[in-house]
Amino acid sequence: MSDHFSTAELVEFDDPLAASQLFGPNNAHLSLLASASGAQLSSRGAKLLVDTPDARIRQALVSVFVQLYELFRQGVAVSQEDIARAYEMVLSDPGVVLSQVYRDAVFIHTPRKTVTARNMAQKAYLDALKRCSMVFAVGPAGTGKTYLAVAMALSMFAQHQVKRIVLTRPAVEAGERLGFLPGDLEEKVNPYLRPLYDALNDMLPQARVASMLESGAIEVAPLAFMRGRTLNDAFIILDEAQNTTAEQMKMFLTRMGFGSRMVVTGDPSQVDLPMLPGPSRGQSGLVQALQILAHVKGIAFHHFQKADVVRHPLVGAIVHAYDEAEARR
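Note that my numbering has the sequence shown beginning at 170, numbered continuously upward.
Read the hints as simulated data drawn from the structure, not as lab findings. Beta carbons are placed, not taken as given, at the ideal position from N, Cα and C, and that holds for glycine. One should not assume that every hint holds.
What the hints assert, rightly or not - Pairs of lysine-lysine, BS3-like flavour, derived with a Cα cap of 27 Å:
1. K299 to K475
2. K299 to K216
3. K332 to K299
4. K292 to K466
5. K332 to K419
6. K466 to K419
7. K475 to K216
8. K282 to K292
9. K332 to K292
10. K466 to K332
11. K299 to K282
12. K332 to K282
13. K332 to K475
What the hints assert, rightly or not - Label-pair restraints from in silico Cβ distances:
14. S261 to R363: 49 to 59 Å
15. H489 to E416: 19 to 29 Å
16. S248 to S438: 30 to 40 Å
17. D402 to H489: 44 to 54 Å
18. A386 to S211: 48 to 58 Å
19. A197 to Q228: 20 to 30 Å
20. K332 to L179: 21 to 31 Å
21. V378 to L483: 39 to 49 Å
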């Protein structure tokens, strides 16, 4: 139950042990959310006082603590990072049901870490990755489109559901004409494929990544290297797909073989294609594919929004400050 004061709300919990876990050791969880929200949070026994003149923040904090309390009572493991994330979710969407994110979460186990959804949009995306052979994930950077796809690929490889992982991007800055660049193949493609290596190294020890690359269990290559191949029993990810031409996208999608999964990620608002000659001059293959394939059964389309971006709270504050400065001009 809760009692209201002018700028404060008192919340009383029935289970002192669950309340203690909710507040964290030495009230660490209260300190975390007090810092994130600017509110004053204090506890006595199983009682929590939330004090802030901002009604929206106060309601979000009360909702977070009440919902997380029920999860702690049910024995659901909730980390400090989860608590910070929960506040961000409820603040942006007051109707969010945290139990659907955490209790019913989809967990992906990789050798270095366990990956799970950080918001409802990511949960729906993970559900689609588990369910469908081909998934298009579109939306702004920072929503986890590629990272979660790589995690799912590693998980399925570990469970012997696929025999190899293929990660690819269009090297649009080089116009895909890598032969004109100096250096050997690795030196040429690494700058364009670095984000994919970063995701791998976050989930696997570096030695394991090197070993899997050497054995061919993982292949990281520019899109031009997919031409003329059929990829069976593979988990194939095309990243930055907004920078494919219509012809490249069709070529890539038709590489899919038996027993394979395919994920296409990109942001249609960030097309950086050169104006090459031809009938589809400057047209994004991703944008075209979203239109042409919209009604094809067996393909899932997941759309992330700006609100789904997951980032450090300080980064969010910096972006907000820049947005405010831009609005004042």
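Results of checking the hints against the structure:
1. K299 to K475: Since the Cα atoms of K299 and K475 sit roughly 24 Å apart, the hinted pair holds (cutoff 27 Å).
2. K299 to K216: 41 Å, violated
3. K332 to K299: Roughly 17 Å separates the two Cα atoms, so the pair holds.
4. K292 to K466: Roughly 21 Å between the alpha carbons, so the hint for K292 and K466 holds.
5. K332 to K419: Measuring from Cα to Cα gives roughly 24 Å; hence the hint holds.
6. K466 to K419: 17 Å, holds
7. K475 to K216: Violated. K475 to K216 sits at ~36 Å, over the 27 Å cutoff.
8. K282 to K292: Given pair K282, K292 holds - Cα atoms ~17 Å apart, limit 27 Å.
9. K332 to K292: With a Cα-Cα distance of about 25 Å, the restraint between K332 and K292 holds, given a limit of 27 Å.
10. K466 to K332: At roughly 25 Å apart (the allowed maximum being 27 Å), K332 and K466 satisfy the hint.
11. K299 to K282: 18 Å, holds
12. K332 to K282: This hinted pair holds, its Cα atoms lying about 21 Å apart.
13. K332 to K475: 35 Å, violated
14. S261 to R363: 49 to 59 Å: For R363 against S261, whose Cβ atoms are near 30 Å apart, the range 49 to 59 Å is violated.
15. H489 to E416: 19 to 29 Å: Since H489 and E416 have Cβ atoms about 41 Å apart, the given range 19 to 29 Å is violated.
16. S248 to S438: 30 to 40 Å: 33 Å, holds
17. D402 to H489: 44 to 54 Å: 46 Å, holds
18. A386 to S211: 48 to 58 Å: Given range 48 to 58 Å: holds, Cβ gap about 53 Å.
19. A197 to Q228: 20 to 30 Å: Cβ of A197 to Cβ of Q228: about 23 Å, so the range 20 to 30 Å holds.
20. K332 to L179: 21 to 31 Å: With Cβ atoms ~58 Å apart, the hint is violated.
21. V378 to L483: 39 to 49 Å: 29 Å, violated
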